[in-house]
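First to last, the protein sequences are chains A and B. This note's numbering puts the first residue of the first sequence at 1, with every later residue one more than the last. This note's numbering puts the first residue of the second sequence at 1, with every later residue one more than the last.
Note that these hints are calculated values from the structure, not bench results. Worth double-checking, as some hints may not be accurate.
Reference excerpt, derived from the structure (chain A facing chain B, CB under 7 Å, subset only) [claimed, not checked]:
1. Gly240
2. Arg243
3. Asn288
4. Gly308
5. Pro466
Label pairs and their computed distance ranges (CB to CB) [stated by the list, open to error]:
6. A:Ala200 / B:His301: 33 to 41 Å
7. B:Val7 / A:His437: 27 to 35 Å
8. B:Asp155 / A:Glu375: 31 to 39 Å
9. B:Thr333 / A:Gln500: 25 to 33 Å
10. A:Ala204 / B:Lys319: 28 to 36 Å
11. A:Gly240 / B:Lys319: 21 to 29 Å
12. A:Ser580 / B:His301: 50 to 58 Å
13. B:Val154 / A:Glu375: 37 to 45 Å
14. B:Lys319 / A:Ala58: 33 to 41 Å
15. A:Glu141 / B:Lys319: 51 to 59 Å
16. A:Val17 / B:Thr333: 24 to 32 Å
17. A:Asp487 / B:Thr333: 56 to 64 Å
We put the CB at the ideal spot given by N, CA and C, even for glycine.
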Amino acid sequence: MSQDVTQTNSAKQVEVVSGITVRLAGDSGDGMQLLGTQLTNTSALSGNDVATFPDFPAEIRAPRGTRAGVSGFQVQFASHTVHTPGDTLDALVAMNPAALITNYEDLRPGGLLIVDEDSFDDKDLKLANLTVSPLEEPWIENYRLAKVPITKLTREAVSDLGLSVKECDRCRNFFAMGLIYWLYGRSMDATLRFIESKFAKLPAVQQANERALRAGWAFGETTELLGVSYQVESASLPPGKYRNIMGNQALAWGLMTAAQLSQKELFYGSYPITPASDILHELCKYKNFGVCTFQAEDEIAAVCAAIGAAYGGSMAVTTSSGPGIALKAEAMGLAVMIELPLLVIDVQRGGPSTGLPTKTEQADLLQLLHGRNGEAPVPILAARSPGDCFDTAIEAWRIATQFMIPVVILSDGYIANGAEPWAIPEVSRLSPIEIRHPEGVAEGETFLPYARDENLARPWAIPGTPGLMHRVGGLEKQDGTGNVSYDADNHQHMTNVRAQKVANVANFIPPQTVSGPESGSLLVLSWGGTYGACHTAVARAQQDGLSVAHCHLRHMNPFPANLGEILTRYENVLIPELNSGQLRTLIRSKYLVDAEGFNKMQGKPFSVTELVERIQRLATSQSDQLVMQSRAG
Amino acid sequence: MSTDLPVLKATDFASDQDIRWCPGCGDYSILAQMKKMLPNLGLPLEQIVFVSGIGCSSRFPYYMNTYGMHSIHGRAPAVATGLRVSRPDLKVFVITGDGDSLSIGGNHFIHLLRRNVDVTLVLFNNRIYGLTKGQYSPTSPEGQVTKSTPMGAVDHPLNPISVALAAEATFIARSVDSQVKHLAEVLYRAAMHRGTSVVEVYQNCNVFNDGAWDYAKNRASRADATLELQHGKPLIFGKDRDKGIRLNGFTPEVVELGSGVSQDDLLFHDEQSDSALVHILAKMRHPEFPEPIGVLRDVQHEIFEDQVRGQIDAAVTKKGPGDLQALFHSGDTWDVA
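Generate the whole structure from the sequences, applying the supplied hints.
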């Protein structure tokens, strides 16, 4: 099957465009996520740059056909570099009325709207809480509507395979996919290969999905509803070998790579939680890499088991999302006190409490920075994109072992589930992570488990080493000996040491960089998963002639040593965050900079448009800026 | 045991730290018996790790010249699990109390047991919160008046042995802090067991709950109030060893030997039995019954860490050692020139 050369060249008119944003929306049982993943993969394989935004309900199967059950997947693919899944849609596929009514407002006027017209009967409308069909609403005229009998055509395409009606209808997403592939000149090869392997054990289903896919493509080519197809040329990415990667997958691979670079066994303690569970699913596939995954009885056991493994000398990692991190707080304090390397990864989601499990947010920064009893500082790193999760994991482990300290990585639901092309690194070129375990003490000397090196790190002596028997624990330790100490001056000293250790990390990390003018009217300061939107918005504002620079933080604690100096070079600092101003609070208190916030708590990432509007209000034009600077000079 | 291993003495296991338990505390005896027993394991000091939670008993690791971690309240079983899975070469002990392992750490306690991680857990049961100065614990009897129960505790206590049985622990034993010879023997057998071994020790808190176990400790009463279990032997107790336990249906009853009742009529102890008999033993409580001490259950089952590591080994055998570069290039890739 995969040997077939699939037809991708349409005989119809082909229009070349630089980029397309398309959203596939349907019931959560309609296979929209699968459709989106396939479109992403296929687009990346055709050389486009891609960015994705899967958006699905927290319920596994909300009542069928209802608005609550709508699941969507948005992809932007382009012949230029893209950093976001796009703000407004060029095309929307709506598999039912609920999907249409909850998504049409994001479709640009004149955009292509493809609906399954077989799913708009009275029952479907009722399920979506509608009395009038949206297809009869006046606003439908704003779009190029293509009413396609997807259900009927799919059933016809697979009719002689002996499948039940329900089974036939499960192929609807592949029909839609075929149509989309035709529309955007995509090759069906990768998806045909996927169907072949995914349904290898179900030959009838395999054949049905393949037929539905091909039928969708053929429909596009023959129907008079669609006169034009589109071509998106390859993007000019830096040379190299690429693959698609999702954030959680990149984190998992980064952890495995860090383990190998440090010649450590990876011990991973975790408890299922959205949206972090995929890291567990990914890692447990790679036992042959020596990865030891432990699904604990709860979040606390997950981190405590990791601490036990760290004491034993493993690379220990625990992951969760906000609610689980709250449960791990006490144990993280223990790791600070006993000064062991540990990675704690928080894939943030909407909070507080259970909040919005499947939606994104950046509201755990202060929890990770301050959310422990006593003063228990830890370094914090935030990944900025799906692929960046890989590098962040490696850097975090480097810091954890150099400083003998737990390190936090912040990801979020948006980058965890988002995908982008990833330039595959050459593992042999990554620098090794050197770890020393003391092997003994000289005759007549006493081992000091809390002796300190130039980083203030204590030795990582592991059980089994003769002569280095020592006890660690949560009670305050006397520096040097590690014995329990209630001494007042020692507690002051140890508090300072623990803080200084984290502060010293600033000398270890690279200086902060800025893109755009080195000084001027406005600096946009962002962190974590908002990188794509902020970067794109700043670039657009710069193209419009505005004096604006972009500074994106990975190191949230400590801040890079030169950050304070950077902030003084701009008249205004704008901090966009998917929280109510957590980084802004830190920047204001540390640098006394009157930064302005742009804050959004909707469970959704920033749109580029809203950021650009905000930047326009604060930035002056570059020419004005030059005049002002020459006057000041 | 390797021939060049120096023979250790109990004193070799003592750390240089001053012991800070109250004078007269039952913990001293448990510490002493542990140190006395450990040389018999034939392990070097560096091979042994004591992990504890929070509470008076949990200071234990500081007093041992081995590796150790005084972790956080209730979580020692989880720490020990991570340690054992990553380092199956180590002998790991968990030191815990009734509050630590049955209240705040109840979840970890049962999961350690059901996984059958190869650790020896010693549960110091003094039926009180000592370190926080005298609140009732999950093993305090109903009606007990404490600082937090001035009108008496109303909740029904947990029986650690029953909990351990419910979690299907593979080794369950009970001893008494002051019965030093018995305690040392039970600790040794627990330490030699492969899998999770649970030892409940009746431990007197002479400051906040003095006398809680008097019936089991007193020379005058203990022969009648406890019953020393011996594998394959009938359940006989009493100062004159003239009483026994007989089953009447599913109900145990105390009978006098002689007068028509012979040893053969009694219940015989079988540590390896998978039957409900051990549950009957667990439910024998003072004052209606003598409380069984010794090894209640000792069965073999695969240990957790062997299975976890077995899967890793099997994956390596099947797929070969992991190759990151190959993994990164697996699936769909494309070149950008």
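Each hint, compared with the structure:
no.: 1; hint: Gly240; verdict: holds, 6 Å
no.: 2; hint: Arg243; verdict: holds, 5 Å
no.: 3; hint: Asn288; verdict: holds, 4 Å
no.: 4; hint: Gly308; verdict: holds, 3 Å
no.: 5; hint: Pro466; verdict: holds, 5 Å
no.: 6; hint: A:Ala200 / B:His301: 33 to 41 Å; verdict: holds, 37 Å
no.: 7; hint: B:Val7 / A:His437: 27 to 35 Å; verdict: holds, 28 Å
no.: 8; hint: B:Asp155 / A:Glu375: 31 to 39 Å; verdict: holds, 37 Å
no.: 9; hint: B:Thr333 / A:Gln500: 25 to 33 Å; verdict: violated, 45 Å
no.: 10; hint: A:Ala204 / B:Lys319: 28 to 36 Å; verdict: holds, 31 Å
no.: 11; hint: A:Gly240 / B:Lys319: 21 to 29 Å; verdict: holds, 27 Å
no.: 12; hint: A:Ser580 / B:His301: 50 to 58 Å; verdict: holds, 52 Å
no.: 13; hint: B:Val154 / A:Glu375: 37 to 45 Å; verdict: holds, 40 Å
no.: 14; hint: B:Lys319 / A:Ala58: 33 to 41 Å; verdict: holds, 35 Å
no.: 15; hint: A:Glu141 / B:Lys319: 51 to 59 Å; verdict: holds, 58 Å
no.: 16; hint: A:Val17 / B:Thr333: 24 to 32 Å; verdict: holds, 26 Å
no.: 17; hint: A:Asp487 / B:Thr333: 56 to 64 Å; verdict: holds, 59 Å
Violated hint: 9 only; the structure is consistent with all others.
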